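Undergrad: Single-letter residue listing:
Number of protein chains: 2
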Amino acid sequence: MRVIYLSTEEMPRHWYNVLSDLPFELDPPLDPETTNPISPEKLLKIFPEPLLEQEMTKKRFIEIPDEVLKEYLRFRPTPLIRAKFLEEYLDTPAKIFYKYEGVSPTGSHKTNTAIAQVYYNRISGTKVLYTETGAGQWGSALSYAGLKFNIPVKVFMVRVSFEQKPMRKQLMNLFGGDVVPSPSKFTEFGKSFDENHPGSLGIAISEAMEKVLNEEGAKYSLGSVLNHVLLHQTVIGLEIKKQLEKVNLEPDVIIACHGGGSNFGGTVFPFVPDKLSGKNVDFVACEPESCPTLTKGVYRYDFGDSSGLTPLLKMYTLGKDFIPPKIHAGGLRYHGASPIISRLVKEEIIRAESFSQDETFNAARIFAKVEGIVPAPESAHAIAGAIREAKRAKEEKREKVIVFTLSGHGLFDLSAYS
Amino acid sequence: MRVIYLSTEEMPRHWYNVLSDLPFELDPPLDPETTNPISPEKLLKIFPEPLLEQEMTKKRFIEIPDEVLKEYLRFRPTPLIRAKFLEEYLDTPAKIFYKYEGVSPTGSHKTNTAIAQVYYNRISGTKVLYTETGAGQWGSALSYAGLKFNIPVKVFMVRVSFEQKPMRKQLMNLFGGDVVPSPSKFTEFGKSFDENHPGSLGIAISEAMEKVLNEEGAKYSLGSVLNHVLLHQTVIGLEIKKQLEKVNLEPDVIIACHGGGSNFGGTVFPFVPDKLSGKNVDFVACEPESCPTLTKGVYRYDFGDSSGLTPLLKMYTLGKDFIPPKIHAGGLRYHGASPIISRLVKEEIIRAESFSQDETFNAARIFAKVEGIVPAPESAHAIAGAIREAKRAKEEKREKVIVFTLSGHGLFDLSAYS
Numbered sequence: 001m002r003v004i005y006l007s008t009e010e011m012p013r014h015w016y017n018v019l020s021d022l023p024f025e026l027d028p029p030l031d032p033e034t035t036n037p038i039s040p041e042k043l044l045k046i047f048p049e050p051l052l053e054q055e056m057t058k059k060r061f062i063e064i065p066d067e068v069l070k071e072y073l074r075f076r077p078t079p080l081i082r083a084k085f086l087e088e089y090l091d092t093p094a095k096i097f098y099k100y101e102g103v104s105p106t107g108s109h110k111t112n113t114a115i116a117q118v119y120y121n122r123i124s125g126t127k128v129l130y131t132e133t134g135a136g137q138w139g140s141a142l143s144y145a146g147l148k149f150n151i152p153v154k155v156f157m158v159r160v161s162f163e164q165k166p167m168r169k170q171l172m173n174l175f176g177g178d179v180v181p182s183p184s185k186f187t188e189f190g191k192s193f194d195e196n197h198p199g200s201l202g203i204a205i206s207e208a209m210e211k212v213l214n215e216e217g218a219k220y221s222l223g224s225v226l227n228h229v230l231l232h233q234t235v236i237g238l239e240i241k242k243q244l245e246k247v248n249l250e251p252d253v254i255i256a257c258h259g260g261g262s263n264f265g266g267t268v269f270p271f272v273p274d275k276l277s278g279k280n281v282d283f284v285a286c287e288p289e290s291c292p293t294l295t296k297g298v299y300r301y302d303f304g305d306s307s308g309l310t311p312l313l314k315m316y317t318l319g320k321d322f323i324p325p326k327i328h329a330g331g332l333r334y335h336g337a338s339p340i341i342s343r344l345v346k347e348e349i350i351r352a353e354s355f356s357q358d359e360t361f362n363a364a365r366i367f368a369k370v371e372g373i374v375p376a377p378e379s380a381h382a383i384a385g386a387i388r389e390a391k392r393a394k395e396e397k398r399e400k401v402i403v404f405t406l407s408g409h410g411l412f413d414l415s416a417y418s
Numbered sequence: 001m002r003v004i005y006l007s008t009e010e011m012p013r014h015w016y017n018v019l020s021d022l023p024f025e026l027d028p029p030l031d032p033e034t035t036n037p038i039s040p041e042k043l044l045k046i047f048p049e050p051l052l053e054q055e056m057t058k059k060r061f062i063e064i065p066d067e068v069l070k071e072y073l074r075f076r077p078t079p080l081i082r083a084k085f086l087e088e089y090l091d092t093p094a095k096i097f098y099k100y101e102g103v104s105p106t107g108s109h110k111t112n113t114a115i116a117q118v119y120y121n122r123i124s125g126t127k128v129l130y131t132e133t134g135a136g137q138w139g140s141a142l143s144y145a146g147l148k149f150n151i152p153v154k155v156f157m158v159r160v161s162f163e164q165k166p167m168r169k170q171l172m173n174l175f176g177g178d179v180v181p182s183p184s185k186f187t188e189f190g191k192s193f194d195e196n197h198p199g200s201l202g203i204a205i206s207e208a209m210e211k212v213l214n215e216e217g218a219k220y221s222l223g224s225v226l227n228h229v230l231l232h233q234t235v236i237g238l239e240i241k242k243q244l245e246k247v248n249l250e251p252d253v254i255i256a257c258h259g260g261g262s263n264f265g266g267t268v269f270p271f272v273p274d275k276l277s278g279k280n281v282d283f284v285a286c287e288p289e290s291c292p293t294l295t296k297g298v299y300r301y302d303f304g305d306s307s308g309l310t311p312l313l314k315m316y317t318l319g320k321d322f323i324p325p326k327i328h329a330g331g332l333r334y335h336g337a338s339p340i341i342s343r344l345v346k347e348e349i350i351r352a353e354s355f356s357q358d359e360t361f362n363a364a365r366i367f368a369k370v371e372g373i374v375p376a377p378e379s380a381h382a383i384a385g386a387i388r389e390a391k392r393a394k395e396e397k398r399e400k401v402i403v404f405t406l407s408g409h410g411l412f413d414l415s416a417y418s
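The listed protein sequences derive, respectively, from chains A and B. Numbering-wise, UniProt numbering puts 270 at position 270 of the first sequence, and it's gapless, one number per residue. Numbering-wise, UniProt numbering puts 339 at position 339 of the second sequence, and it's gapless, one number per residue.
If we strip away everything but chain A, and leave its shape as in the complex, we get:
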């Protein structure tokens, strides 16, 4: 069977919280003003209470609310596909599977947490949600979710992407999202820049934060890095587990691309307890050489944004002032990483590899030609990782089971292939 489906009835009913099973405590987020552990009151200005609770809880399984489940079922469970044409192309004894998240309404895994976050904001009385977006995947997902639960969504989009990717803006507009290029004229911080400034994720975050801190009923929504965001993404890994069970296979290697960590964490976390209890499974985070957070960063406290407004998180970081060279995988251009993933890398439970742009785009082209799906440039890093592993399996003459998540399609990024 090339495609392993799950029925609606087999859809996971809970998210999995990896914090419940880790044999260590995470270092707490710090207040940027005092550098002491931050108080929940301060965080409540930014996030609604149920999401803060999810950020801290040690409960193993968190029930997916009916309203969220209903939205998931519009496109989930997503298929797990045997990449047998890729196997054939590589002439490898490995069995390669990919979990395809590109079937979501906005074309990437981001919808999984967007729906949950907007739902919890809705029941907490949030009036408007602010966020930033780079390549536009997150802004699209949050706009879509905002439409579902009737909360206005306002997106600050890095100006250079805003201009290069008009279709992302159109997709956000279709779903009712309000998008402005950042730096904008709508914040004091934005006004301090020249009107043609290309912008950066750091500036866009600062603009969104400024709005949230100064507007009654406004909250902030983040698409990666934080514990509750990764929690929501565990539907990916939970589904993969069930799908592999259907064909009586266990993974030898699990691979995903890594930017802030939401796709990687969502894929891998449900398999972490297996590894902690002695199973031999390899977790590989794939990142660009040009933004090598996990492979070359330092494990320390750092800010989440460039201007130092956010709480300090203990994580692998390239430094909040790191400016990555212009690479196409906009979603992987972040200086930091999820605190949970950072710690798991530190503890050598997860390992990371980096990939050049050439190796990545070459993998993307091969994949598009043999498997017939044009991958997002971010997801192409996972394909490159799977190809490396499949070649190793060939050298070792081992019939390894390699699983990776294809987090999104690349139909909005075709110019990058030119």
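Quick caveat, the hints were computed from the structure, so don't treat them as lab data. None of the values given here were measured: they were computed from a predicted structure. Glycine is no exception: its CB is placed at the ideal position from the N, C-alpha and C atoms. Hints are all accurate, no fakes.
Label pairs and their in silico Cβ distance ranges:
1. B:Asp358 x A:Asn214: 34 to 42 Å
2. B:His14 x A:Gly278: 46 to 54 Å
3. A:Pro152 x B:Glu188: 52 to 60 Å
4. B:Asn248 x A:Lys45: 52 to 60 Å
5. B:Arg398 x A:Pro152: 35 to 43 Å
6. B:Pro273 x A:Tyr89: 37 to 45 Å
7. A:Leu249 x B:Tyr89: 35 to 43 Å
8. B:Lys242 x A:Asn214: 57 to 65 Å
9. A:Leu276 x B:Asp358: 57 to 65 Å
10. A:Thr34 x B:Arg2: 47 to 55 Å
11. A:Lys246 x B:Lys185: 53 to 61 Å
12. B:Lys242 x A:Lys346: 46 to 54 Å
Computed list of lysine-lysine pairs in BS3-like fashion (alpha-carbon distance at most 27 Å, straight line):
13. A:Lys369 x B:Lys70
14. A:Lys84 x B:Lys242
15. A:Lys394 x B:Lys70
16. A:Lys397 x A:Lys275
17. A:Lys246 x B:Lys70
18. B:Lys45 x B:Lys185
19. A:Lys275 x A:Lys58
20. A:Lys70 x B:Lys391
21. B:Lys275 x B:Lys314
22. B:Lys242 x B:Lys95
23. B:Lys42 x B:Lys59
24. B:Lys400 x A:Lys70
25. A:Lys70 x B:Lys369
26. A:Lys95 x A:Lys242
27. B:Lys241 x B:Lys59
28. A:Lys70 x B:Lys246
29. B:Lys127 x A:Lys369
30. A:Lys95 x B:Lys70
31. B:Lys84 x A:Lys70
32. A:Lys400 x B:Lys70
33. A:Lys84 x B:Lys70
34. A:Lys314 x A:Lys346
35. A:Lys84 x A:Lys400
36. A:Lys296 x A:Lys346
37. B:Lys70 x B:Lys58
38. B:Lys246 x A:Lys242
39. B:Lys400 x B:Lys346
40. B:Lys70 x A:Lys391
Once you have looked at the hints, place chain B on chain A.
TA: Chain B only, in chain A's frame:
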């Protein structure tokens, strides 16, 4: 079950030839020079022998060659999805299903015939394939197929679309297709136009035909209208049949959008024998009000192109000189229609309805919001048709089974939604 899948093993192994079951003979294509029935020799300058045979044959089932089947299995069988969120939104007692062809590598049903046509050209020794494309769906599909069987593909793309849809060009390039805006400098006919002329499908066809008639080893490939093209698309309807059998349902209404007829014919033909043998099933072809070939055209012989180079076909036509107003559904802007479908409309076995741009885009927006897939503007006509039928079912308080084909996604057409 919301999504009805078929396994690889359940993939149809044959195309279905509706000509074998029709109780009448089609009028033959005529030679444009003599207006007598055209000789096969003349057609062999344009098409390879196996495709000409398929154009004429009365055999009921044509085996899908292994090489073509292998390519189909990269993305087929495609899912049949219960549109239960649309049903809920419309509060209709009808059961609505859609066959989703947007999962193909180039995002539309066109790949089904592109793969077959390139394969038969390959085994017939064709050196290069010429074609034209409007919105770009067909050019993308043929480029993809050309890559698979290693035949260079050269596409004349209507200049106004070439400029408005750069991503389509990029997709063709990714798959190795060579695309030029038409009118071009590469043909005598193209040179007769001003270099900024916006172009038309008629001009692009003439350019491709001029190349084919003057270049050794060159052949022409058409994405719709002809019998063999519709034959290849019957995998759609054959799969739908199997999928409905799995849930023990029979269709009351089958709907598809109609441009040249390939998507519509592919969907409906496998159900035609049921209707001929007395079953009560309604076939509805949905076309734009602005290009109302089946609803307002005349049933007579006409040319397939604007300059009168192609054979004459007996069909519904708005006249070869008909210039449709600028509408977004580029794939439905054709003055003629498939001769088989035309005759079935004439015989009242198929009926047609037309839809305004407003009704169509409104249907598309509703569908994107409730079902989470952004439809191609062409496919949106079928959604509009399904919504009309679902409302009728509600008025009649009947639990009708409505099936339509969603022939492609609209991710390259988002500007049309703005």
